[in-house]
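*Asks:* Listed below, chain by chain, are the residues.
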Amino acid sequence: MRALIVEDDNTLRTQIEEALRTEGYVIDASDNGTEGSYLATTMPLDIAIIDLGLPGTDGLQIIKTLRKKNCAYPVLILTARDTWQDKVEGLEAGADDYLVKPFHMQELQARLRALLRRSGGWSESQLRFGRLLIDTRTQEVSVDDQIVSLTAYEYRVIAYLAVKAGEVISKADLLDHLYDEQSERDPNVLEVFVRRLRQKLDPDKTLQPIETLRGRGYRLALLREPENNVAGVNAHNEDGDSQTGAPTTNHDTAK
Amino acid sequence: MNTISARLNKATAIVLALFVLLTGLSISYSVKQRAETALEDRLKGLIYGILGASDIDSNQQLFVNEAEIPESRLNLSTNGLYAEIVANTGERIWQSKSTAGYIPKHTYTPIGQWLFERIDSTSSGRAHRMQLSSVWVLENDEELPFFVQVVADGDVLSGQLKRFDRTLWLTLLASAIFLLLLQRWILHKALLPLRDIGKELQNIEKGQSEALSEHVVGELKPLANSINTLISSERNRHEQYRHLLDDLAHSLKTPVSVLKNLPHNKTNQVSDAAGEIIKTETLQIQDTIQRYLQRAAMRTPAYLAKPISPAPIITRLRNSLLKIYPQVEHIDLQLEQDFKVRIADTDLYEILGNVLDNACKHGGRKIKVISNAENQSIVIEDNGAGFPPDQIAELLDRGVRADSSSEGEGIGLASASALLTAYGGMLTLDAEFKQGARVVLHFRDPTV
Chain A
18 MRALIVEDDN
28 TLRTQIEEAL
38 RTEGYVIDAS
48 DNGTEGSYLA
58 TTMPLDIAII
68 DLGLPGTDGL
78 QIIKTLRKKN
88 CAYPVLILTA
98 RDTWQDKVEG
108 LEAGADDYLV
118 KPFHMQELQA
128 RLRALLRRSG
138 GWSESQLRFG
148 RLLIDTRTQE
158 VSVDDQIVSL
168 TAYEYRVIAY
178 LAVKAGEVIS
188 KADLLDHLYD
198 EQSERDPNVL
208 EVFVRRLRQK
218 LDPDKTLQPI
228 ETLRGRGYRL
238 ALLREPENNV
248 AGVNAHNEDG
258 DSQTGAPTTN
268 HDTAK
Chain B
10 MNTISARLNK
20 ATAIVLALFV
30 LLTGLSISYS
40 VKQRAETALE
50 DRLKGLIYGI
60 LGASDIDSNQ
70 QLFVNEAEIP
80 ESRLNLSTNG
90 LYAEIVANTG
100 ERIWQSKSTA
110 GYIPKHTYTP
120 IGQWLFERID
130 STSSGRAHRM
140 QLSSVWVLEN
150 DEELPFFVQV
160 VADGDVLSGQ
170 LKRFDRTLWL
180 TLLASAIFLL
190 LLQRWILHKA
200 LLPLRDIGKE
210 LQNIEKGQSE
220 ALSEHVVGEL
230 KPLANSINTL
240 ISSERNRHEQ
250 YRHLLDDLAH
260 SLKTPVSVLK
270 NLPHNKTNQV
280 SDAAGEIIKT
290 ETLQIQDTIQ
300 RYLQRAAMRT
310 PAYLAKPISP
320 APIITRLRNS
330 LLKIYPQVEH
340 IDLQLEQDFK
350 VRIADTDLYE
360 ILGNVLDNAC
370 KHGGRKIKVI
380 SNAENQSIVI
390 EDNGAGFPPD
400 QIAELLDRGV
410 RADSSSEGEG
420 IGLASASALL
430 TAYGGMLTLD
440 AEFKQGARVV
450 LHFRDPTV
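Residue numbers (my numbering), protein chains in the order written: chain A, 18 to 272; chain B, 10 to 457.
Mixed in with the good hints there might be a few duds.
Pairs of lysine-lysine residues, derived as DSS-like cross-links and limited to a Cα-Cα distance of at most 27 Å, are as follows [what the hints assert, rightly or not]:
{"hint": "1", "chain 1": "B", "residue 1": "K332", "chain 2": "A", "residue 2": "K86"}
{"hint": "2", "chain 1": "B", "residue 1": "K332", "chain 2": "A", "residue 2": "K181"}
{"hint": "3", "chain 1": "B", "residue 1": "K332", "chain 2": "A", "residue 2": "K85"}
{"hint": "4", "chain 1": "B", "residue 1": "K230", "chain 2": "B", "residue 2": "K332"}
{"hint": "5", "chain 1": "A", "residue 1": "K181", "chain 2": "A", "residue 2": "K81"}
{"hint": "6", "chain 1": "B", "residue 1": "K315", "chain 2": "B", "residue 2": "K349"}
{"hint": "7", "chain 1": "A", "residue 1": "K85", "chain 2": "A", "residue 2": "K222"}
{"hint": "8", "chain 1": "B", "residue 1": "K208", "chain 2": "B", "residue 2": "K198"}
{"hint": "9", "chain 1": "A", "residue 1": "K222", "chain 2": "A", "residue 2": "K181"}
{"hint": "10", "chain 1": "B", "residue 1": "K215", "chain 2": "B", "residue 2": "K375"}
{"hint": "11", "chain 1": "B", "residue 1": "K19", "chain 2": "B", "residue 2": "K215"}
{"hint": "12", "chain 1": "A", "residue 1": "K81", "chain 2": "B", "residue 2": "K208"}
Just so you know, these hints were derived from the structure itself, not from any lab.
Take these sequences, add in the hints, and give me the full structure.
*Replies:* The following block contains the structure:
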């Protein structure tokens, strides 16, 4: 997953970058609104974290600009302004969620996972495709309820294909979302990852999880299973409640 | 009563009473003077008439030809007007047929001198007499000094004056009463603009209007303008204070975020003990920021806030909440567009935002918001699990400190309740509502 972080506080931005990199995100980052706006509208992003008070173009303006340019990826506002008026303005500008400073990093990670799932039409942290189950919270993949041991890159490939289930993802797209600009981006390495994934997930060739469309890319070949919509569970806080210990306090104490 | 109206009425009544009294006395005195002058002139004329009817006969005796006397009453046996001519020796030379209640003795005065005086006799009442001391020169150059005296009973004059006085005082009293009533009416009309300003100020205080009307009488325009400027500058000052405090608080939040995440950062080798201290201290800073922000928010006097309609705010909140709570199917709004409340818009956002957020987060999938302008209330219902009856009081009693619960549930409600109470309203949780949860926001305290 490729995430943009626009935050003018260098220490906080670095903290977020580090935390998200450990989760397997590819990071684009900027400390000002002007560059942030450029990155937001030109990079193949999956999600953006945008601070509202920025030098140059302010955060709200970046969100308005990227939505105007038909960038549909989810946007999370990172703001010290925690009044409902500020939240409403941010959400009306095109943001999908907000996180009020000071926040726990786990809360931010949970919110991002929820937003990414929502953008793929999922409301729960577990994505089920018949025998294949991907838990975005624990980053575990299981087949027939047996956990399959995957490397970080292998997980990122299957998780990306799962979130974009049904869509054909080109190799270039996959590379964009798995590697940052500085990394060596070799399509052959990607093919190796996919082959290994197929071997690990489907050793007896009965599942056929990843379909190769010659000259076009890859697609998750499994059918998505309907979710159990449990009342009260929502994408806004389901991850955070159980994991961070205090994220809803952060949300609820937005006063 | 210590009012301008009462003071003016009292002052006017005293001035009017003095004026009526002095006018009455002055008129009464003038009329009396004039009546006496008229009587003096009349009696003088009568004396001239008697002298004109007098002559000296062949015996060198003075006589009066009564037929020539201009006043016929002197020739009748009536009472009230009497005339006589008395010789210097005291011998009465002539007297009229009529008589008077009291006839004084003549007074010696130099020849040619008039004497007019009022006589107050205890036995026969008041009378006026006019006397002229004169002399008749006989043919032998002998002089015959005599007095002509006319006496008029005073009853007639005093009776007339009494009647006049009675009429005068009655008329003045009636005029005074009429003038007092007129004055009260004029005062009432003249003080109407002041009363209007008073009512408008009350309306501003109650939150029913924003500023004093521009349509005031000329004299009060500077006052109205000054009051409006004062309200406006106070409003701006208050806004500025809030913004400054907000800026200060929010500028602290980014470094607090960094500190808060320091113990969890793998690249920073923070010991567990140090991590614990950082955690405790950052929580304390966070609490302090929240507490002071909340305190500042609650110090907005209602009259400084402009009347605003909750309808557009609720609509915006609904759209935002539906975005972040996809499990909420719909938020039905039944809002009266003309319903307005006097609360700073930021605070109204907080009250409504917190209550609606709680309904979305802990409530059901269907939420209904109904406003009632008559009761000045907004009802928020959801079809969720509702409030546990034994925790209802606790939910609102958690106080304004946001950290008083680690769970987060209900803090929004407690915060909304505290804010609403600061504006003279009240937040109630309906324990009787069994289909879910019902929160009622009373923007006017229903118990008052």
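*Asks:* The structure should be examined with respect to each hint, and the outcome stated for every one.
*Replies:* Comparing the hints with the structure gives:
no.: 1; hint: K332(B) with K86(A); verdict: holds, 20 Å
no.: 2; hint: K332(B) with K181(A); verdict: holds, 21 Å
no.: 3; hint: K332(B) with K85(A); verdict: holds, 18 Å
no.: 4; hint: K230(B) with K332(B); verdict: violated, 50 Å
no.: 5; hint: K181(A) with K81(A); verdict: holds, 25 Å
no.: 6; hint: K315(B) with K349(B); verdict: holds, 10 Å
no.: 7; hint: K85(A) with K222(A); verdict: violated, 45 Å
no.: 8; hint: K208(B) with K198(B); verdict: holds, 15 Å
no.: 9; hint: K222(A) with K181(A); verdict: holds, 23 Å
no.: 10; hint: K215(B) with K375(B); verdict: violated, 35 Å
no.: 11; hint: K19(B) with K215(B); verdict: violated, 33 Å
no.: 12; hint: K81(A) with K208(B); verdict: violated, 47 Å
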